[in-house]
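Asks: Protein chains in written order, with my numbering: chain A, 1 to 348; chain B, 1 to 526; chain C, 1 to 300.
I should point out that these hints are in silico values taken from the structure, not numbers from a laboratory. For each residue, glycine too, the CB sits at the ideal point set by N, CA and C. Hints may contain errors.
Facing chain B, from chain A, some residues (calculated, C-beta under 8 Å) [to be verified]:
#1 F214
#2 L217
#3 T226
#4 L235
#5 T237
Far from chain B by the CB rule (all over 12 Å, computed), these chain A residues [to be verified]:
#6 T14
#7 L15
#8 A32
#9 V44
#10 P112
#11 M113
#12 L127
#13 S167
#14 Q188
#15 I195
#16 L208
#17 P213
#18 V228
#19 F230
#20 V293
#21 I310
Okay, here's what each chain looks like letter by letter:
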Amino acid sequence: MSGISIRAGAVVRTLAFIVVALALCGIVFELAGYSALLMLESVVEGAFLRTGGWAQSLRWALPLFITATGVAISFRCGFFNIGAQGQFYVGAICAAFVADVLGGAPAALVLPMTFLAGMAGGALWALWPGYLRLRSGTDEVITTLMGNFIAALALVYVTSGPLKDPSGTGQQAASPLLPAVYRISDSQGISPAIIGIAAAVALAMWVLVNRTPFGMLASLAGRNPTMVRFQGARLWTLGLSSFLISGGLAGLAGTIELLGPTGRIASGFLPGHGFTAVLIALVANLSVLATAVVSMFFGGLASAALYLPILAGLPAAAIDIFNASVALFITAKSGLLDRLLRAARLPT
Amino acid sequence: MTDADPPALHCRGIRVTYGEVTALADLEIAFARGAIHAVVGQNGAGKTTFARVAAGLVRPDAGSLAIDGHALRLGRVAGARAAGVELVHQSFALPPSFTVAEALEFGAGAGIGVYSRRRLLQRCRERLAALDLDVDPRRRIRDLPVEVQQGVEIARALVTDARLLILDEPTAVLPPAGIEALFERIRRLKRHGVTVILILHKLREVMAVADTISVLRGGRLVAGPVPCDQADERRIAELIVGQSAAGSVSADDARALVGAAPVRGAAARDTSASAALDSHESVLELADVSTAKDPEEPPLDRVSLLVRPGEIVGVAGVQGNGQRTLVQAIAGLAGITGGDIHLGGTRVSRLSPVSRRALGLRVIPFERNSEGLSLTSALWENWSVRELLQKPLFSFVDPSALRLRCDEALRTWGVRYASATQNAGALSGGNAQKVILAREIDEDARLIVAAQPARGLDIGATAFVWSALREAAGRGCGVLLISSDLDELFDISHRLVVMLSGRVVAEFVPPYDIGAVGRAMTGASM
Amino acid sequence: MTEFHEFMVAILRSGTPLVYVTMAGVIAQRAGVWHLGLEGVMIVGACATILGIVLTGSFAAAIVIACVLCVAASVLLWFVIEKLGANPIIAGLGLTGLGIGGTALAVQALFGSLAAVTAPFGVPRLGAAFGPYGALSIFVLMMPFVVWGMWVLLCRTRFGLRLAAAGEHPLAARSVGTDPARVRLIALAAGGVLCAIGGAELAAGGLTIFAQNMTAGRGFMSFAAVIFGAGHPIAAAFAAMFFSLVGVAGIRLQLLFGASIPHDVLLSLPYLATILGVWISGRMRGGAKAATEASELRDY
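Please model the complete structure; the sequences and the hints are all you need to start from.
Replies: Here it is, written out as structure tokens:
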């Protein structure tokens with residue numbers, strides 16, 4: 001069997017599991033008394049068909065894409081960094097602090113420093129789980145999950161304490177809105193700057209994964225660490241680098257949210273970002289190019305989530321349920337499905 | 001025994017296929033009760049599959065089984081055990097964290113089965129005593145030497161009063177003295193009326209213990225069961241090897257491959273550049289090397305070892321006596337606490353594995369499928385790891401060039417594969433090992449550490465590995481061959497050292513004396 | 001003295017749900033399943049109990065509903081892992097998301113808003129005979145017996161040995177006629193019941209309220225307790241109690257120090273304790289060497 005048809009098989013498999021997840025969701029919604037068909041319609045309409053739908057989907061897709069490529073790197077290297085959410089938050093917090101401290105300075109100074117701070121913050125929040133994992137064998141699934149909770153609390157603390165918006169009266173604690181000079185997009189969230197950053201990330205990550213010893217060895221180490229260790233690779237270097245890249249990209253996404261569409265940090269903002277990014281990475285089978293396509297799909301869902309209550313009277317949680325069902329099935333291997341596919345295939 | 005007695009085990013038309021591979025093809029065989037039956041054949045002949053079918057672990061596609069004339073439901077372990085069939089696996093099937101007592105208990109019956117610790121220990125001691133097995137029931141399986149583990153597994157198989165005991169390659173892990181003790185245990189079981197089927201692949205072991213012999217090849221029965229005293233050893237050896245492989249193998253190799261009378265190793269001495277052997281040059285020198293304590297394997301204890309260019313040095317020893325540590329210490333994966341390692345005159349004790357490889361060190365590791373290859377990665381990725389590691393981590397490489405070169409290397413080594421992008425897991429054991437050889441034996445190789453390079457391979461592939469190592473030595477490489485198969489070591493080593501508890505305890509030159517080597521392996525006085 | 005009793009009551013109240021869910025994790029772990037769906041199954045238990053009480057007016061009916069739903073969720077996870085060959089970590093996280101989202105949807109569907117749901121009564125209480133501990137639920141009293149029973153089942157029965165064999169060495173289990181997949185089904189289903197009780201205790205053991213996302217990582221903490229306790233029921237139960245002790249102590253500290261320590265820092269103490277716990281257990285089990293182990297779990 002050639003490589004092409006294996007890849008085609010993988011795509012078919014992935015699509016099939018998304019359909020299974022959709023069907024499962026449909027059943028749940030019907031049981032809960034909502035119309036599954038209406039939901040599907042309004043998702044498609046909310047994401048793509050309505051005016052500006054594509055742009056809105058892209059607004060959600062780009063940060064997701066950046067975080068997801070990072071997640072994919074750590075997964076490739078065999079580390080289940082589930083902590084993208086926390087890294088995203090810590091990155092945004094650090095960026096917000098720097099933007100706050102440097103407030104008033106020219107944008108040409110503030111923006112690079114803010115980006116640097118955001119990426120460093122995200123990387124830091126991935127550094128300690130990575131260090132504990134590689135030095136002491138501490139399970140990174142638990143540490144990164146716990147890191148998410150701690151980062152969420154830290155965000156609450158920061159937005160209701162040091163960076164509290166004095167004029168804010170709403171229920172949600174938030175930092176002050178950044179002045180327009182420091183913003184890289186308006187609240188619509190689409191600007192050449194953001195698209196450029198995403199494109200640069202895509203290119204850099206594609207080269208890193210497919211054209212450097214690091215990328216190839218990290219992937220091999222993810223599939224069989226013993227073998228690359230026997231060949232003399234330092235898992236320490238490979239692993240820690242992938243944790244840092246992964247966290248740094250999540251931090252970058254956090255910074256983009258801060259400087260771009262959201263314009264501030266707020267407690268509990270974009271709560272499903274990290275988990276969705278993990279999903280995107282898995283659905284895309286950890287490939288950079290596929291991640292771009294899949295991000296668009298999940299970005300569309302995220303954008304549609306805002307319209308569901310309006311269009312279908314459905315809670316936004318409906319999208320969470322769909323995402324979760326995808327997670328439940330996405331790593332499924334074959335077995336039943338392969339048998340079904342084989343049975344369905346016409347004799348040649 | 002009369003003809004009216006139903007056989008202890010009767011297989012009719014058993015067929016097992018895994019995907020496109022036929023493991024057993026309409027196997028017809030019957031074993032009489034109360035005897036010791038040997039089933040021989042090369043790796044891949046279907047022996048293990050046969051054992052698993054009989055034990056109910058594998059459900060055949062077709063055929064039927066009868067125990068003492070009663071038909072057995074296929075593919076049901078519980079049914080087979082109820083009929084008195086028990087299987088002892090080649091690579092033991094006892095959870096390593098269990099204590100001996102727990103290992104004997106967990107298969108002792110269905111139901112919840114509440115026990116108290118005291119009663120469990122008492123019951124276990126009784127069982128062990130009845131089998132004359134001297135081991136503390138509170139010890140954990142993973143802490144036991146292999147021969148004791150095997151003893152416990154046999155005891156585990158006998159707790160339910162097995163009447164037909166199948167042992168899959170029980171001698172593969174044992175030193176010569178351990179093999180004799182095992183055979184004594186088996187003879188005693190026979191006296192107690194247990195029918196024993198031994199899956200073996202060494203003819204002299206068969207002749208020492210079995211009453212009958214049967215030969216499998218390519219999933220078919222090609223001879224037997226015939227009484228051992230009427231069997232012609234030469235004829236049996238031919239049947240095992242088969243027509244295809246027979247021509248390409250030398251007489252000594254053929255004897256080593258089927259484990260007939262042991263090769264003395266005289267031939268090996270004059271096959272390759274013996275002039276080089278007298279030189280004082282070395283490709284590998286270990287001087288008083290010691291390593292840190294490790295829970296899994298004894299550390300090296302002042303090991304000194306010399307490998308000269310063109311020399312094949314064998315390392316014999318019972319599994320778990322520091323051979324793994326030796327490989328890791330040479331490869332740079334185990335920290336050394338004393339002594340020095342030199343590769344071709346360069347002191348490498350403090351060098352990283354990658355720098356050691358740059359000096360010409362190559363390793364064929366013990367575990368082909370975990371340490372040697374990533375089965376879920378493409379062949380070209382597996383093949384190019386060594387090169388990738390010699391480059392800076394963040395530099396540019398061209399995968400298509402690597403793929404082309406991989407194709408070339410794999411073709412040179414005669415690997416049968418479809419495409420360099422296919423996963424290594426899709427290859428047979430022999431082909432997978434050739435991929436490792438293609439990676440590890442190149443022009444720049446100076447020292448090849450080969451750990452169990454022929455384990456699990458069929459005769460053709462084994463002969464191929466041996467000739468590859470000999471050729472490498474012929475080109476001036478040093479080869480350190482670690483094996484638990486004395487026939488293999490005797491046949492191709494120019495020199496042999498024996499490891500025991502992390503030390504090198506003896507050194508032999510051809511002609512080898514299997515008795516003396518065996519005694520050295522167990523630490524008996526010489 | 002009353003101070004001490006209050007402290008103990010608080011620890012027992014916050015620790016009991018954790019211990020039940022930890023037991024579910026222990027039995028799954030021993031059978032060879034890394035159960036990261038605990039959080040999801042637990043929240044289903046919590047939600048089903050409160051909604052069950054509100055809808056049927058009977059605690060018994062509510063707990064039965066909770067058990068049925070939690071077992072169903074666990075069996076779904078088993079099916080996906082065992083029959084579809086999915087990666088247990090990702091599938092478990094998916095189940096968790098499904099539980100959190102599904103319970104939110106259920107509340108929205110039934111009540112038209114996502115506000116917290118309050119039930120008129122909760123788990124039966126111990127009563128005045130227990131003095132200062134009378135306000136605790138019967139599940140708290142049951143807890144030590146459940147832990148002990150779990151210990152007997154897992155460490156002192158042949159069934160427990162076969163379960164452990166199925167987890168540690170499936171071929172060994174198969175060789176004695178035990179189907180590892182079936183053993184895992186039993187383990188996960190039993191875990192479903194335990195999670196239902198844990199969720200019920202969380203939602204209806206003290207306050208009788210269900211709020212969106214109310215488990216707040218307790219399921220993951222339980223999973224960490226399983227790792228900390230190395231799969232031993234009693235050790236894991238102590239680990240779970242330790243995590244809740246840290247949480248309660250944090251709240252007490254705030255009472256002592258007032259506003260000088262930020263509230264959110266104290267709230268994060270249990271999470272920090274959890275990290276500390278898995279770190280210690282990682283170090284105890286071979287440290288960096290373990291970094292290359294368990295790779296088959298990762299190779300999905």
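Asks: Now look at each hint and say whether the structure bears it out.
Replies: Structure-based check of each hint:
Because the beta carbon of F214/A sits about 4 Å from the nearest beta carbon in chain B, less than 8 Å, this interface hint is met. With a least beta-carbon distance of about 6 Å to chain B, the hint placing L217/A at the interface is held under the 8 Å criterion. Against a cut-off of 8 Å between C-beta atoms, the interface hint on T226/A holds, since the closest Cβ of chain B lies about 5 Å away. Annotation: L235/A was flagged as interfacial toward chain B, and the flag is violated, the nearest CB pair being 11 Å apart, outside 8 Å.
Taking 8 Å as the C-beta cut-off, the interface hint given for T237/A holds, the closest approach to chain B being about 7 Å. Its beta-carbon lying about 17 Å from the closest one in chain B, T14/A satisfies the requirement of being farther than 12 Å from that chain. Residue-level check passed: L15/A sits 22 Å from the nearest beta carbon of chain B, beyond 12 Å. With a least CB separation of 40 Å from chain B, A32/A remains clear of the 12 Å interface cut-off, as annotated.
Chain B leaves V44/A outside its interface by the beta-carbon criterion, the shortest separation being 36 Å against a cut-off of 12 Å. For P112/A, the non-interface assignment is confirmed: its Cβ lies about 22 Å from the closest Cβ of chain B, beyond the 12 Å cut-off. Interface exclusion of M113/A from chain B stands, the closest Cβ pair being 25 Å apart, more than 12 Å. Residue placement check: L127/A keeps its beta carbon more than 12 Å from all beta carbons of chain B (closest about 18 Å).
Every CB of chain B lies more than 12 Å from the CB of S167/A, the least distance being 47 Å, so the non-interface label holds. Interface exclusion of Q188/A from chain B stands, the closest Cβ pair being 37 Å apart, more than 12 Å. The Cβ of I195/A lies farther than 12 Å from every Cβ of chain B, with a closest approach of about 26 Å, so its non-interface assignment holds. Some Cβ of chain B comes within 12 Å of the Cβ of L208/A; the nearest lies about 8 Å off, and the non-interface call is violated.
Some Cβ of chain B comes within 12 Å of the Cβ of P213/A; the nearest lies about 4 Å off, and the non-interface call is violated. Not every CB of chain B is more than 12 Å from the CB of V228/A (nearest about 6 Å), against its label as outside the interface. For F230/A, the shortest C-beta to C-beta distance to chain B comes to about 5 Å, within the 12 Å cut-off, and the non-interface label is violated. At roughly 22 Å from the closest C-beta of chain B, the C-beta of V293/A stays outside 12 Å, upholding its exclusion from the interface.
Against chain B, the non-interface label of I310/A holds: every CB pair exceeds 12 Å, the least being about 46 Å.
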